[in-house]
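Undergrad: The residues making up each chain are set out below.
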Amino acid sequence: MHHSALRAGLFAGAVFCASATMAAELAIVSGDSGNGLAFLQSQLKEFEAKTGNTVKIVPMPPSTSDQFGQYRLWLAAGNADIDVYMTDVIWAPQLSDQFLDLTDAAKDVVKDHFPSIIESQTANGKLVAIPAFTDAPALFYRKDLLEKYGKPVPKTWDEMAATAKEIQDKEREAGAKDVWGLVFQGNAYEGLTCNALEWVKSFGGGQIVEANGDISINNEKAAKALDTVKGWVGTISPPGVLAYQEEEARGVWQTGNAVFMRNWPYAYALGNGDDSAVKGKFGVSTLPAATADDKPAATLGGWNYAVSKYSKNPEEAIKLALFLGSTEVQKNRAINQTNLPTIVSLYDDADVAKAAPIIPQWKDVFMNAVPRPSAPTKVKYNEVSSQFWSAVHDTLSGNGTAAENLEVLEAKLTELKGSGW
Amino acid sequence: MAPTQSTIQIVPTGPGRHPKRVKSELMRQRLRAAGWFLVPMLVALAIVAGWPLLRTIYFSFTNASLTNLYGAEWAGFKNYLNWTVLKSGRVIWSGLLADPVWWNAVWNTIRFAVLSVTLETILGTVVALVLNAEFKGRGLVRAAILIPWAIPTVVSARMWSWMLNDQFGIINDLFMMLGLIDHKIAWTASGDTAMIAVLIVDVWKTTPFMALLILAGLQMIPRDIYEAAAIDGVHPIKTFWRVTLPLVRPALMVAVIFRLLDAMRIFDLIYVLTPNSSQTKTISVLARENLIDFDKFAYGSAQSTMLFLIIALMTILYIWLGKVRFDGGDR
Amino acid sequence: MLWTYTKTTSFYLLVAVIVLVSVFPFYYAILTSFKSGTALFEITYLPTHFSLDNYISVLTTGSFVRNFGNSILVATSVVVLALFLAVTAAFALARVSFRGRGLLLMTILAVSMFPQIAVLAGLFELVRAFGLFNTPFALIFSYTIFTLPFTVWVLTTFMRDLPVEIEEAAIVDGASPWVIITKVFMPLMWPALVTTGLLAFIAAWNEFLFALTFTSSSETRTVPVAIALLSGASQYEIPWGRIMAASVIVTVPLVVLVLIFQRKIVQGLTAGGVKG
Numbered sequence: 036m037h038h039s040a041l042r043a044g045l046f047a048g049a050v051f052c053a054s055a056t057m058a059a060e061l062a063i064v065s066g067d068s069g070n071g072l073a074f075l076q077s078q079l080k081e082f083e084a085k086t087g088n089t090v091k092i093v094p095m096p097p098s099t100s101d102q103f104g105q106y107r108l109w110l111a112a113g114n115a116d117i118d119v120y121m122t123d124v125i126w127a128p129q130l131s132d133q134f135l136d137l138t139d140a141a142k143d144v145v146k147d148h149f150p151s152i153i154e155s156q157t158a159n160g161k162l163v164a165i166p167a168f169t170d171a172p173a174l175f176y177r178k179d180l181l182e183k184y185g186k187p188v189p190k191t192w193d194e195m196a197a198t199a200k201e202i203q204d205k206e207r208e209a210g211a212k213d214v215w216g217l218v219f220q221g222n223a224y225e226g227l228t229c230n231a232l233e234w235v236k237s238f239g240g241g242q243i244v245e246a247n248g249d250i251s252i253n254n255e256k257a258a259k260a261l262d263t264v265k266g267w268v269g270t271i272s273p274p275g276v277l278a279y280q281e282e283e284a285r286g287v288w289q290t291g292n293a294v295f296m297r298n299w300p301y302a303y304a305l306g307n308g309d310d311s312a313v314k315g316k317f318g319v320s321t322l323p324a325a326t327a328d329d330k331p332a333a334t335l336g337g338w339n340y341a342v343s344k345y346s347k348n349p350e351e352a353i354k355l356a357l358f359l360g361s362t363e364v365q366k367n368r369a370i371n372q373t374n375l376p377t378i379v380s381l382y383d384d385a386d387v388a389k390a391a392p393i394i395p396q397w398k399d400v401f402m403n404a405v406p407r408p409s410a411p412t413k414v415k416y417n418e419v420s421s422q423f424w425s426a427v428h429d430t431l432s433g434n435g436t437a438a439e440n441l442e443v444l445e446a447k448l449t450e451l452k453g454s455g456w
Numbered sequence: 094m095a096p097t098q099s100t101i102q103i104v105p106t107g108p109g110r111h112p113k114r115v116k117s118e119l120m121r122q123r124l125r126a127a128g129w130f131l132v133p134m135l136v137a138l139a140i141v142a143g144w145p146l147l148r149t150i151y152f153s154f155t156n157a158s159l160t161n162l163y164g165a166e167w168a169g170f171k172n173y174l175n176w177t178v179l180k181s182g183r184v185i186w187s188g189l190l191a192d193p194v195w196w197n198a199v200w201n202t203i204r205f206a207v208l209s210v211t212l213e214t215i216l217g218t219v220v221a222l223v224l225n226a227e228f229k230g231r232g233l234v235r236a237a238i239l240i241p242w243a244i245p246t247v248v249s250a251r252m253w254s255w256m257l258n259d260q261f262g263i264i265n266d267l268f269m270m271l272g273l274i275d276h277k278i279a280w281t282a283s284g285d286t287a288m289i290a291v292l293i294v295d296v297w298k299t300t301p302f303m304a305l306l307i308l309a310g311l312q313m314i315p316r317d318i319y320e321a322a323a324i325d326g327v328h329p330i331k332t333f334w335r336v337t338l339p340l341v342r343p344a345l346m347v348a349v350i351f352r353l354l355d356a357m358r359i360f361d362l363i364y365v366l367t368p369n370s371s372q373t374k375t376i377s378v379l380a381r382e383n384l385i386d387f388d389k390f391a392y393g394s395a396q397s398t399m400l401f402l403i404i405a406l407m408t409i410l411y412i413w414l415g416k417v418r419f420d421g422g423d424r
Numbered sequence: 005m006l007w008t009y010t011k012t013t014s015f016y017l018l019v020a021v022i023v024l025v026s027v028f029p030f031y032y033a034i035l036t037s038f039k040s041g042t043a044l045f046e047i048t049y050l051p052t053h054f055s056l057d058n059y060i061s062v063l064t065t066g067s068f069v070r071n072f073g074n075s076i077l078v079a080t081s082v083v084v085l086a087l088f089l090a091v092t093a094a095f096a097l098a099r100v101s102f103r104g105r106g107l108l109l110m111t112i113l114a115v116s117m118f119p120q121i122a123v124l125a126g127l128f129e130l131v132r133a134f135g136l137f138n139t140p141f142a143l144i145f146s147y148t149i150f151t152l153p154f155t156v157w158v159l160t161t162f163m164r165d166l167p168v169e170i171e172e173a174a175i176v177d178g179a180s181p182w183v184i185i186t187k188v189f190m191p192l193m194w195p196a197l198v199t200t201g202l203l204a205f206i207a208a209w210n211e212f213l214f215a216l217t218f219t220s221s222s223e224t225r226t227v228p229v230a231i232a233l234l235s236g237a238s239q240y241e242i243p244w245g246r247i248m249a250a251s252v253i254v255t256v257p258l259v260v261l262v263l264i265f266q267r268k269i270v271q272g273l274t275a276g277g278v279k280g
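Chains as they are written, first to last, in the working numbering: chain A, 36 to 456; chain B, 94 to 424; chain C, 5 to 280.
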């Protein structure tokens, strides 16, 4: 950290001799919530003490689409009131024109991060944001129920579905009428893109748009994946799952009404809360795959810090972004917030393992992480994602078969792509 | 009645004056005052609405995107309708008017606006009539009725999405208990019920607005008219159709116009409740998607401009059919 | 006798249904605001938990109280401004005949037809150009776009229907247009004034999109944004209990406003001392 700050300082000194020594007033905008915000505050205090700058937090609603809308508008108007933005993993390529290139400033630290994450934040050869933490979903399973019925943790989707069905039926016979086998996020929104990407990818059906920009979604394996999931809705998953986002799924799970759940790590701590019906009764594992030979997949989430090109104090703002993505802050974050670090070495860190044993566990999940096609599709990503989740949602709700919908999707994406993304 | 004409006509009958000069002097005074009274309002509107409006219309004729707002180039009507002739002679249409997604949104918007405003007008009239009657605790009831309108839409939409949830929503529980449904319904998930869910919430939320405006109209009807009708032994229902409704009509018309304008632009409720359902995606929601989420600022501006035109058309139609007065002339 | 009895009963039944439907979701919100944790996911019709934790947390963390004050300031200013501009304009539009009056009314109506989301970018440019960004004035300024056309129209309608004779009498007495508005018309228009004022107040009180876009610090934000800012311990968690507590707090002043002004709402022509 010290090193990178020094570098940023040198860089700044070369460009703006006069202002380098002056303390700057910075503003950072963050959609971080509750504890996350308090944590950010504590880290900013350290930064202020170290650099003499003052930093103001502009909190934003947790809704990512609200945040994205605001940021786009603010950036489009060249708003100089905000220096550093906290950005979702999929935003970097879309907003890259309005953020500063951090390649030089972060030259010495990029090698510490997972290469796939750095790649996700690189657009047109420009490092748009410094990763702060990552996120990857897992399969939550009810240890007690699997033990009761003598079932192993499922490795394939079919195994998962069979186990879910059996336990669900038997539990219902035993009087627990509201029990379901699996809950996931089936609402037509970005979360469905994440879920469906995992199904498709783990069936060997590619990742919608490949890294080189080819549209790969219209294939038999992808269709088979969606048909399989279609078979779950109404049998092992409640019909209402098609309106579920993360919280609805967690609600069903945490009241003890689901055998399996696909969700992000945040549900782990909450599920072990004092008032949770599943406290101490569940475990997490990687999501299943199509067959034992296929690799499971987990969609990459996570947050980053980017510097606005309209910032009045770019050099100090870059310092701040680098500081917030540094090993030191990420370690604190892992310990305090149970956020998954993007720095490889922290997964083997003894302090982290002690404070948050779930993090080393998540390394397996994370190793199978697959990015959404935000890098190849650039500014059109949101539209690609929207077309994709619509096709999936239509399939799951019975409007057309998977094969039909994917064929139409391919045509639409081809049109959208035009002569190139 | 024709207020202005008769106002001015009365003056010449005043004793000991020169009718003609007084009239024009008064006229001038009134016109001058009217001018001064109108200017601040017009200036305010021109600034706050005129400029952004023109900007949006301008952007709809360009290829602007939010990443490059100021480098926008003129694109003519391409965002609205455009065609390319292929070598084979086939013509490919593109643009708003050739976009099925757009027409779906138009249909959703009109369906929503007509259904919700009709329901709200009927229910609002009923509620207003109830509130206009004298009974104990009227003040409390009036306050209670305004509660739905008073809760911020962002909150009430979320509140209802919670209540309409299939597993732990109270609506399903209640309906099951009352025997209205035999299995839990995923209200906002299924395409068949999404619009119903939106309508329920909107009617619940905006009926108070209609009721209050109609009530204000009712309150301004002189009581003696009712007294006269009662003495003459006219049946209350007949009184409603023959006396109340015609007298409250101007207020009702204005309430309906503004609700219609509002309903056509419906955004936040759907944005929170069912943001991506194609069954409920209205023009505003679609426009936001294109303006902000997708990199199609110009296309979204074109959609907004078209929405403006559609609303204008519907309003003119409504005013024409409803014979709403614009000048001070006879009804 | 029996008929009257049935009539009264069904009338009160209707009142009860109206009140129940209006209030039930709010009641449910209050119920929810007393709950926390997993209890939120359980359906109850009667209060089972009673804890003020959510309220305390809403009022003490963040700057909710400050935001509440901002909302009151903004909504009140918007109402005063809109009513002032609208009453005078409505007089001109309703009681003075001049060329192009119909066209003018139509234009005012047209202004309110544009979807909010579509004027957002243009308004944002203006707000920044005037240096209003991140001040309450940005909101007072931008809210006129939806409160002013509405108030002008409603007041024009009501003013047009006031009897001619009272104005004639005032003119004979030599009253100027300003005096006619303030001394003659205003007292007669209480129901309309209070109603439109109240509706404008609520509209301003509840507005979210402009408030979120034109302010960027906790000190200048208004309540709807503050509610949207309430968040759980992590990104995906929605703090229903606190959201409901905040909503209850936000709704109470409006209910109080209605109770205060309801005498004025019912003060029609009968109470004004003039029979039409």
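Don't take every hint at face value.
[Stated by the list, open to error] The list that follows gives simulated cross-link-like pairs (lysine-lysine, DSSO-like), each with its CA atoms no further than 30 angstroms apart:
#1 277/B / 452/A
#2 314/A / 344/A
#3 277/B / 316/A
#4 180/B / 447/A
#5 171/B / 183/A
#6 161/A / 256/A
#7 180/B / 452/A
#8 212/A / 277/B
#9 316/A / 347/A
#10 178/A / 330/A
#11 161/A / 389/A
#12 259/A / 277/B
#13 80/A / 347/A
#14 229/B / 11/C
#15 180/B / 200/A
#16 229/B / 265/A
#17 178/A / 180/B
#18 413/A / 171/B
#19 447/A / 331/B
#20 212/A / 330/A
I should point out that these hints are in silico values taken from the structure, not numbers from a laboratory.
Undergrad: Do the alpha carbons of residue 171/B and residue 183/A lie within 30 angstroms of each other, as the hint requires?
TA: 64 angstroms, violated
Undergrad: For a C-alpha distance cap of 30 angstroms, please report whether residue 161/A and residue 389/A respect it.
TA: 37 angstroms, violated
Undergrad: Given the hinted pair residue 413/A and residue 171/B, is their alpha-carbon gap at most 30 angstroms?
TA: With a Cα-Cα distance of about 23 angstroms, the restraint between residue 413/A and residue 171/B holds, given a limit of 30 angstroms.
Undergrad: Compare the distance between the alpha carbons of residue 259/A and residue 277/B with 30 angstroms, and conclude whether the hinted pair is satisfied.
TA: Cα-Cα ~29 angstroms, so holds.
Undergrad: Is the Cα-Cα distance between residue 212/A and residue 277/B 30 angstroms or less?
TA: 12 angstroms, holds
Undergrad: Hinted pair, alpha-carbon criterion (30 angstroms max): residue 178/A, residue 180/B. Please report holds or violated.
TA: 64 angstroms, violated
Undergrad: CA of residue 178/A to CA of residue 330/A, is that 30 angstroms or under?
TA: 23 angstroms, holds
Undergrad: Holds or violated: are the alpha carbons of residue 229/B and residue 265/A at most 30 angstroms from each other?
TA: Between residue 229/B and residue 265/A the Cα gap is close to 57 angstroms, so the pair fails against 30 angstroms, i.e. violated.
Undergrad: Given the hinted pair residue 161/A and residue 256/A, is their alpha-carbon gap at most 30 angstroms?
TA: With a Cα-Cα distance of about 34 angstroms, the restraint between residue 161/A and residue 256/A is violated, given a limit of 30 angstroms.
Undergrad: Straight-line Cα separation of residue 180/B and residue 452/A no greater than 30 angstroms?
TA: Holds - the C-alpha atoms of residue 452/A and residue 180/B are around 21 angstroms apart, at most 30 angstroms.
Undergrad: Just to be careful, I want the Cα atoms of residue 316/A and residue 347/A compared with a cutoff of 30 angstroms; is the pair within it?
TA: 52 angstroms, violated
Undergrad: Compare the distance between the alpha carbons of residue 314/A and residue 344/A with 30 angstroms, and conclude whether the hinted pair is satisfied.
TA: 47 angstroms, violated
Going down the numbered hints, you'll see the structure goes against 1, 2, 5, 6, 9, 11, 15, 16, 17, 19, 20, while the others check out.
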